[in-house]
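Single-letter residue listing:
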Amino acid sequence: MNLYALPWLELSVLIPLAGALWVGRVRDPNAASRFCLAFTGAALVCAIMVAAGYWTGAIPSATFGAPWLSKGEPWDLGPRIFGRPVLGVDELSALLIPLLALLHFLVALATARTKMARFSFAWLLIGESIRLASFSCLDPWVMIGLLAVVTIPPYFELVRRGRPTRVYVLHMVLFVVLLMFGWSAVDGNIPVPKHLAAFSLFAAILIRSGTIPFHVWVTDLFECGAFGSALLYVSPVAGVYTAVRLVLPVAPDWVLQWLGLVSLVTAVYTAGMALVQRDARRFFAYLFLSHASLILVGLELAGAENKDAQVIGLTGGLALWVAVALSLSGLGLTLRALEARLGRLSLTEYKGLYEQSPALAVCFLLTGLASVGFPGTLGYVASELLVDGAVGANQFAGVVVVLTATINGIGVVRAYLLLFTGGRYATAVSLGITGRERFAVLTLAALIIGGGLIPQPLVMSRHAAAEAILADRAARATPGGPQGHTEANTGHRE
Amino acid sequence: MPDIDQLMTFFAAIVVTAPVALVAILGGSSLLGYKLTEEAISRASQLAIGVGLVACVLILGMMLASDQRHVVLDLGNWVEFRTPDSGHGHGHYHFAVKFEFDRLSVPFAILSFVFCGTIGAFAARYMHREPGFNRFFVLYSVFLAGMITASLADTIETLFTGWEFVGLSSALLIAFFQDRPAPCRNGFRVWVVYRVSDAALLLAAILLHHMTGEGDFDKLLGTGPWPEGRASVTEEQAVLVGLLLLFAAAGKSALVPFSGWLPRAMEGPTPSSAVFYGALSVHLGAFLLLRLSPLIAVSLWLAVAVIALGLVTALYAYVVGAVQTDIKSALSFASLAQVGIIVAEIGAGHWIPFLWYVALVHLLGHASMRTLQFVRAPSLLQDYRAIENAIGGQLPRPPGLLRWAPVRVRAWLYRFALERGYLDAILSDYVARPFVAVFRWSDRNERWWTTFLTGTPGSGSEVPPAGPAPSAAPAASPYPKVELPG
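Line by line, the protein sequences are chains W and F. When you line the first sequence up against the numbering used here, it's residues 1 to 494, in that order. When you line the second sequence up against the numbering used here, it's residues 495 to 980, in that order.
Possibly wrong hints are sitting among the right ones.
Claimed, not checked - What the simulated footprint calls covered on chain W by chain F, stretch by stretch (three residues with Cβ under 8 Å from a Cβ of chain F suffice, anywhere in the stretch; the number is not a length): (1) 421–427; (2) 457–465.
What the hints assert, rightly or not - Simulated DEER-style distance windows between Cβ atoms: (3) W/253 - F/527: 49 to 57 Å; (4) F/566 - W/196: 54 to 62 Å; (5) W/454 - F/619: 48 to 56 Å; (6) W/453 - F/934: 50 to 58 Å; (7) F/522 - W/177: 45 to 53 Å; (8) F/497 - W/453: 25 to 33 Å; (9) F/527 - W/184: 53 to 61 Å; (10) F/916 - W/474: 55 to 63 Å; (11) W/184 - F/920: 54 to 62 Å; (12) F/847 - W/396: 55 to 63 Å; (13) F/497 - W/57: 49 to 57 Å.
Hints in this document: simulated from the structure, not taken from any laboratory. As the structure is a prediction and not an experimental result, all values here were calculated from the model. Glycine is no exception: its CB is placed at the ideal position from the N, C-alpha and C atoms.
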């Protein structure tokens, strides 16, 4: 029996959904945690099988937005809308799907007992299911629908905690409306000028990615929501995914240029903001925003005149996406573990937590430095590629990217020193890392260091994805070229 | 029977691998929560450094015997992919990991091994039963790996990797005594300077990559062994890249205007002060300039800038060092004065290339002498005390060079020196403070904006801690404004 004949992708989406229904009925937080762990673990296995099947060639490459399946393929059993498949995997998503599943598994695993009663495992599973579906769906409208639906769990989380929701709701409603309007216009459903459609999509991406001046919803979500939920909502960088799928193939050059400019400004501005924060959550939120903007800079390079800069910069941006998702998730989990012990953390005085929990200190530093592209970590080569591409396109952009990484590096070490050094935190209770937390952060550390020492597989995978994106964009730009995605963006499987 | 080339490649691999293996052993065990004994840590350090040193000396011997002056250890392309056809066929992006053994790198690598080995043995006793013994040696191993990587690098990206390891381990070692805020504050300050100078090095690396198509030194500086290479860039390119490299070297070697961090680095344990800031780390900037000396050969203006910076730093360090009242600070400024002269010698190599050899020998000799002085410093104080007790008064001091200067000039110079040339104050007041003020102002506006959007006061303001406040961060309260320099 061919193992890959099983519908792993569909299973990875359905298992968390079924898990949510099951866990929602469990009242005991410890039991809910165990069940959640089992379901997220099963989804992770399925997601890994998807990636393995794709890279071994057993699962065919899909094309976003176009029919792709031939009869007799094992995936023929998958769900379809109007005869078109809903879920599929391509070079871009083959890595992102297991990454997403891993992040959910690790968040579930590292949830401390003290937080279990307040943390909703059912919502985590629902969110995982929707996110996996949106990252693997092939139909633009279904994807837009899923991106709209995935905004709902954080809203309920805020309501449940009695926190203000207006900032979040305002931004998300605006995002969904602009996205739907923009794509309707691109699809030809609404007769509006092309530039207006492009502008609408551009604004939607700015909002979802948290570029200035639409970034306050991210800091607000981190301040008011559960850290774990906020982390899972932002760390896959869904705004970038939306940009790659919906905007990059159709966007005129001016959109990419503006996107690049706004992203550069946001990257350096939010890096500076992270550096002066007095609250650990806000520090993390700004650090994330800065990195998300750097990834967008990489996407913008797809519109550069220099062909080398296009490929190198886009490859760097896509690789940085993976590095940032892993490293900032690790950093977020470390902060969350500290919060579970001490409550909200301020960055106004030295806390001296190192002696209490050296493992968390090391993980904080490792993941934080990985996010800023420190040598030997996963982010290093990604950052190098991004800077190289940016310098090739525009030397000013390269300087800004380097400046951003510099400020972020200073911010990470500042937060480390304030949290872990400068004193000796005295307590009668052990604040050391738990076994589950150690497993979670060691897994991330292994991926960060392992990927840093052997970066070629990641870079090759992202390079293939970048070439597919550029080929698709070029095919659409050709007069008389196909309107839908072409076969040009399939088969990049080295 | 392997020929001499194969043997040299084999030993070169050992030289590069030994420090990395030490990091893996010490760092890996810490990460996994396995606590090594002091003896095991000490033995692992001695073994790794001993093996690396012997291999390096063997390479030196074989190079002398075979008259080879340039041995390359090519570990292949770390990252590699094809770029689009731009009219001249497909391009090829690669990120090579290469190490070179030549007249410059081998002495510096041997120096690093010798000093790290000596100081490692010293530290094993000096740090005995210190709570952070393991942490010290982990950082020490990272430092060693960084030094060896940087000194042997044959591509600028490899050099940058080592450079970053040296910077991180140095900053964390300065903050080693982390139950007090002052070392952490100083460590952070050093990290800021390093980080900014690292940005300059990274930009230089990327620019070189663009100019020559790759970051390999032999493509940039010619294939001739150091210092005979000829840079394959124009004068304008040499000035641009050279100034960035000079900036990076200034940060790492504490040249003006970044000299303020050097005495702050003395907060760390004496062994690390001795080997890092007295001997190795402080010379790394000069080493970088030596490595890229063919760029200086190309441009007169770059050479003038290097000489000027070196001389200004030497003068500054002499004046400031004259008024230091603690021995480690006095030694650090004395060290800086020599580094300034070494940098000036490197710049002068534009006219007389032989001066690059002089600079290298100066560097090696100075590093050795200064390490000895640093290590001897604590016992020297004891000796002084004993002598002064015996003679019943202070030891006579010879009058300084400025004894004939007018009193007002001496007073001004004294104040200038006491304030360390106001360099720290200038950087704090005119760089750090405005930066913080602008972003704090933005932060207040953003909070106001969030509150406005929410419509209810409370959101957008800082959320009070939900859990118990840190009950005993003993030294926290006196230092509420420690986040940034100044």
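Hint check results:
no.	hint	verdict
1	421–427	holds (count 7)
2	457–465	holds (count 3)
3	W/253 - F/527: 49 to 57 Å	holds, 52 Å
4	F/566 - W/196: 54 to 62 Å	holds, 58 Å
5	W/454 - F/619: 48 to 56 Å	violated, 39 Å
6	W/453 - F/934: 50 to 58 Å	violated, 40 Å
7	F/522 - W/177: 45 to 53 Å	holds, 51 Å
8	F/497 - W/453: 25 to 33 Å	holds, 31 Å
9	F/527 - W/184: 53 to 61 Å	holds, 55 Å
10	F/916 - W/474: 55 to 63 Å	holds, 57 Å
11	W/184 - F/920: 54 to 62 Å	holds, 57 Å
12	F/847 - W/396: 55 to 63 Å	violated, 36 Å
13	F/497 - W/57: 49 to 57 Å	violated, 44 Å
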